[in-house]
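Participant: Take the given structure of chain A and dock chain B to it, following the hints.
Going line by line, the protein sequences match chains A and B. Residue numbering for the first sequence follows my numbering, beginning at 121 and increasing consecutively. Residue numbering for the second sequence follows my numbering, beginning at 121 and increasing consecutively.
Because the hints were derived from the structure by calculation, they are not lab data. Just to be clear, a hint being listed does not mean it is correct.
Stated by the list, open to error - Here are the simulated distance ranges between beta carbons: (1) B/T377 with A/E142: 47 to 55 Å; (2) B/K257 with A/E135: 54 to 62 Å; (3) A/K246 with B/N141: 20 to 28 Å; (4) A/V233 with B/S317: 18 to 26 Å; (5) A/S139 with B/Q212: 36 to 44 Å; (6) B/S139 with A/L305: 47 to 55 Å; (7) B/N141 with A/E345: 35 to 43 Å; (8) B/T377 with A/K246: 41 to 49 Å; (9) A/L305 with B/N141: 42 to 50 Å; (10) B/E296 with A/S139: 42 to 50 Å; (11) B/G152 with A/N272: 42 to 50 Å; (12) B/S139 with A/N272: 17 to 25 Å.
As the list claims (entries may be wrong) - The list that follows gives simulated cross-link-like pairs (lysine to aspartate or glutamate, EDC-like), each with its CA atoms no further than 20 Å apart: (13) B/K315 with B/E325; (14) B/K254 with A/D253; (15) A/K257 with B/D259.
The beta carbon of each residue, even a glycine, is placed where N, CA and C say it ideally should be.
2 protein chains.
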Amino acid sequence: MEKLSIIKIGGNIIEDENSLNEFLTLFSNLEGKKILVHGGGKRATNIASKLGIESKMINGRRITDLETLEVITMVYGGLVNKNVVAKLQVLQTNAIGLTGADINSIQSDKRPVKEIDFGFVGDVTKVNHIAIDKLIKADFTPVFCAITHDGNGQLLNTNADTITSQVAVGMSEIYETSIYYCFELNGVLQDFSDKESVIKNINSETYKKLLKDGIISDGMLPKLENCFDALKNGVLKVNMGNTSMLTKENDNFTTITI
Amino acid sequence: MEKLSIIKIGGNIIEDENSLNEFLTLFSNLEGKKILVHGGGKRATNIASKLGIESKMINGRRITDLETLEVITMVYGGLVNKNVVAKLQVLQTNAIGLTGADINSIQSDKRPVKEIDFGFVGDVTKVNHIAIDKLIKADFTPVFCAITHDGNGQLLNTNADTITSQVAVGMSEIYETSIYYCFELNGVLQDFSDKESVIKNINSETYKKLLKDGIISDGMLPKLENCFDALKNGVLKVNMGNTSMLTKENDNFTTITI
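Next up, chain A with everything else stripped away, as it sits in the complex:
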């Protein structure tokens, strides 16, 4: 099976022009077939605020009303995505910017209202790996923003980590797929106060022990659950660390296997 890398970057890279440019160079230099997934960061909040749209949070989680969805569509789908694509073209990476609505690549269901109504937020239900692969086979590099659609004309704000793992699961039907989650830390840390204490390898067994020993922090828990979900569904490995893990010089990051 041919290899495919799916790289996710968060708001901290998107928001800083230098970090973004550095990352995009690393991404372009990465050999083989690849897909980029990006979040949007605080830019959406800033623009919403300028437009007089209040950011509504419940229990620390954003509520996506119709106005907020419009801002997200503008910022993630337009401003961020298209500038990333234009920058990648300079680096000879033939990028194509996508939401889940484009080529019907990622469908989702609007999250059901239970205690909280999250509004126009989608939970991924179907990744069209065959359509996405048509782009890859044509030597295009898909760049996904954190927006999907419900197939009935409604765009939906969707967690970029979930998009990454779900697209990876879908693509693993065709490719030997690895995920790279780029974030602020060097990896999953043994000791949160020591940035260098990276746990280089985690598997299902050692994960149980880490959980038992209280090493996994609250913020890391959903990310790791997401990783194991992807691994159980066909993804080869998940790497977590800072962007330099995309180079051969840095081997100080976390690799998670099943």
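Facilitator: Using the frame of chain A, we list chain B on its own:
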């Protein structure tokens, strides 16, 4: 040669939800390979105004400073483009939204500063018909917004009529290409005060006579020059009229040939 239709819609259709839905149904029902090009209309102006960005006009033409370009990228490339794509998916048209930066499809040069500095406005220099055709051959329907790039990482605001004619010229290397300019009028009018006085056929010869007789209004002149430019460069025919010209019921529109 296989046939390809390139349809351009303007702001008047984009801005009105009912008009847009009606148009998209007609577009979806249109047989054969096709491409959609859309402008953005007043929505960008409205959002710019809400963000406190003044729309600068010189001699009735918009100046695109960096802030305005950002709004255009958000509105045309994000809000409008992605909603059109999501709506087309419902109609079983497998749309893919694009700027000229995506798959390096349309390159342009920033307009040189002469008497007026138009800012971040692009004049199309190269249409990558082979890349666009890869999407068409994969049964995807390209939906272009009015943004191109300079190949050096800069997005540029670009006239949607020009994008339409330039993409049509490029695609005519591979397809028998027809343009449909959808606008407010039923076609080119013999008598501007009579909406039904559509001139059904125009060619180079009759065009000269219309010019001489003062039938062509100032607003129509650049559009028609644009049409003849496309026809001279390989496009089969250009149709101008309201959206119902896409149906077989309406034959009251203007067809321009060389």
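Participant: Each hint should be assessed against the structure and marked as holding or not.
Facilitator: How the hints compare with the structure:
no.	hint	verdict
1	B/T377 with A/E142: 47 to 55 Å	holds, 53 Å
2	B/K257 with A/E135: 54 to 62 Å	violated, 38 Å
3	A/K246 with B/N141: 20 to 28 Å	holds, 25 Å
4	A/V233 with B/S317: 18 to 26 Å	violated, 56 Å
5	A/S139 with B/Q212: 36 to 44 Å	holds, 41 Å
6	B/S139 with A/L305: 47 to 55 Å	holds, 50 Å
7	B/N141 with A/E345: 35 to 43 Å	holds, 41 Å
8	B/T377 with A/K246: 41 to 49 Å	holds, 46 Å
9	A/L305 with B/N141: 42 to 50 Å	holds, 47 Å
10	B/E296 with A/S139: 42 to 50 Å	holds, 48 Å
11	B/G152 with A/N272: 42 to 50 Å	violated, 26 Å
12	B/S139 with A/N272: 17 to 25 Å	holds, 20 Å
13	B/K315 with B/E325	violated, 24 Å
14	B/K254 with A/D253	holds, 13 Å
15	A/K257 with B/D259	holds, 14 Å
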